[in-house]
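Chains as they are written, first to last, in our numbering: chain L, 1 to 321; chain B, 1001 to 1189.
I should point out that these hints are in silico values taken from the structure, not numbers from a laboratory. Since the structure is predicted, the reported quantities are computational estimates derived from the model, not experimental observations. Every residue, glycine too, gets a C-beta built ideally from N, C-alpha and C. Heads up, some of the hints might be wrong.
Capping the alpha-carbon separation at 25 Å, the derived lysine to aspartate or glutamate pairs in DMTMM-like fashion look like this [claimed, not checked]:
#: 1; chain 1: L; residue 1: 194; chain 2: L; residue 2: 157
#: 2; chain 1: B; residue 1: 1034; chain 2: L; residue 2: 261
#: 3; chain 1: L; residue 1: 270; chain 2: L; residue 2: 93
#: 4; chain 1: B; residue 1: 1034; chain 2: L; residue 2: 93
#: 5; chain 1: B; residue 1: 1034; chain 2: L; residue 2: 61
#: 6; chain 1: L; residue 1: 270; chain 2: L; residue 2: 136
Over the 12 Å line for every Cβ pair with chain B, so calculated as not near, a few chain L residues [to be verified]:
#: 7; residue: 130
#: 8; residue: 151
#: 9; residue: 160
#: 10; residue: 231
#: 11; residue: 270
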Amino acid sequence: MADNWQPGINRSSLRDRSELLQSLRSFFQQRQVPEVDVPVLGRSTVTDSNIESVNARVAGDSAYLQTSPEYFMKRLLAAGSGDIFCLGKAFRDAEIGRRHNPEFTMLEWYRCGWDEHQLMDELAELISQVANARSEAPLTVTKVSYADSFKSVFGIDPQSTELGTLQKMAAELGSESWADESRANCLDLLFSLKVEAQLPDGLVLIYDYPACQAALAQIHLDAKGRSVSRRFEAFFNRMELANGYRELTDAREQRQRFDKDREQRHADGKPEITVDEKLMAALDDGLPACAGVALGVDRLLMQLQGAESLDQVMPFSWSRS
Amino acid sequence: MANYSTNEFRSGLKLMLDGDPCSILENELVKPGKGQAFSRVKLRNLKTGRVLEKTFKSGESLEGADVVDMDMQYLYEDGDFWYFMEPDTFEQHQATEQAVGDAIKWLREQDVCVVTLYNGSPLSVVPPNHVDLAIVQTDPGLRGDTAQGGSKPAKLVTGAVVKVPLFLDEGDVIKVDTRTGEYQGRVKE
């Protein structure tokens, strides 16, 4: 394998990658949002049961490569930074594939006082700007709620439908082992395999995710009185591109969710992760009302170029590192 | 057999699924940013040849299938079974008509085929990509038609019928591509 020293990206894509990074930065510069370069190496990490951190050691102590700049950025927000963005590297263990690389470039930003719909609009402006600079046809932007997009494919409501029905559908679509999975996992399978595949071209913003998939978003009542999370995702030509929230600011509820994550990790036999107490202390002090979103820059470039895999848009993907 | 976890899945790996041996054609990681990872797998059922798609939870494991591909020499058939021999050990294996499948019409004694063994018994047979076979029956070519590049059916010694150019006669030996069933050329003795 030693002869495989060549990069995966070609010269014109390498130049385009550089231009993309510059235009992302200038988008925020024009809006007077400062860049912050928070650490990628930290003493704590996320408790999320579906995200594995890469372990490191510093002076003999356990450390982690950060899976996103979120916790450090929230501590800056709590300290009164105001609007901020971060363009840097994030790391997730065992995520290797055509659309996954254990090290990737992430753009994350926070807007104080905004709600998730304002942030979705800004995300759409950003993607339109970089897409329209590279294509004749203007980017189409579609906005639809999770429940409506799910219903348009399966004809049922993702939250009120009985778990047993979803498990049966997931088992038929996936394999028998889905028959006893949680609502969140069954919905993920059904959504990933069927709904995503039928999304239109261009940018699609899906909002009001089910309450069981809230992650770090606030919960509210939607137009039909259903309790949903103020979380959204962006899909670009059917590929997951960004995830955002109207951020949860209630420290007590945040701790409950972290404890639940830890229980889930224990049940799944995954390594124990202690709660980031510095983040908790910052939340106790008070995170301003804000909305935040994280975007996979390599995936954005992949879609802008119509590339088949991340390997074609990164200098050296994991297989070449 | 050993069990294989989804992170060991790769194309060519042979696994048991619903009691049948299958071969992985493609494996793709699907991982929603905030959700559970899963493996979306395309497999070929080695018994029926059918391609199916399954999605497994990451970390799930499946039993490996005792399936090996081996070069073997075709010996003869006795009406019930087709007999193949391992060239190194001279060990003989009898294959059913179902296992031989479409290879039947290309099998010539002594030719080396790829025999897939499942739990030690032949599951399928792939003939050589090219075989030389004699024409046993064909209509005489009409003079003057050769310039048109026309073709006619010819029955081969193994029973296969292929389209051949008009100038060929019974007794001629031709080369055939077994993957397409197409005439490749005349073999000069």
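Hints and how they fare:
| no. | hint | in the structure |
| --- | --- | --- |
| 1 | 194(L) <-> 157(L) | holds (15 Å) |
| 2 | 1034(B) <-> 261(L) | holds (12 Å) |
| 3 | 270(L) <-> 93(L) | holds (13 Å) |
| 4 | 1034(B) <-> 93(L) | holds (14 Å) |
| 5 | 1034(B) <-> 61(L) | violated (28 Å) |
| 6 | 270(L) <-> 136(L) | violated (48 Å) |
| 7 | 130 | holds (20 Å) |
| 8 | 151 | holds (19 Å) |
| 9 | 160 | holds (20 Å) |
| 10 | 231 | violated (8 Å) |
| 11 | 270 | violated (9 Å) |
In summary, the structure is inconsistent with hints 5, 6, 10 and 11 from the numbered list given earlier, while agreeing with the others.
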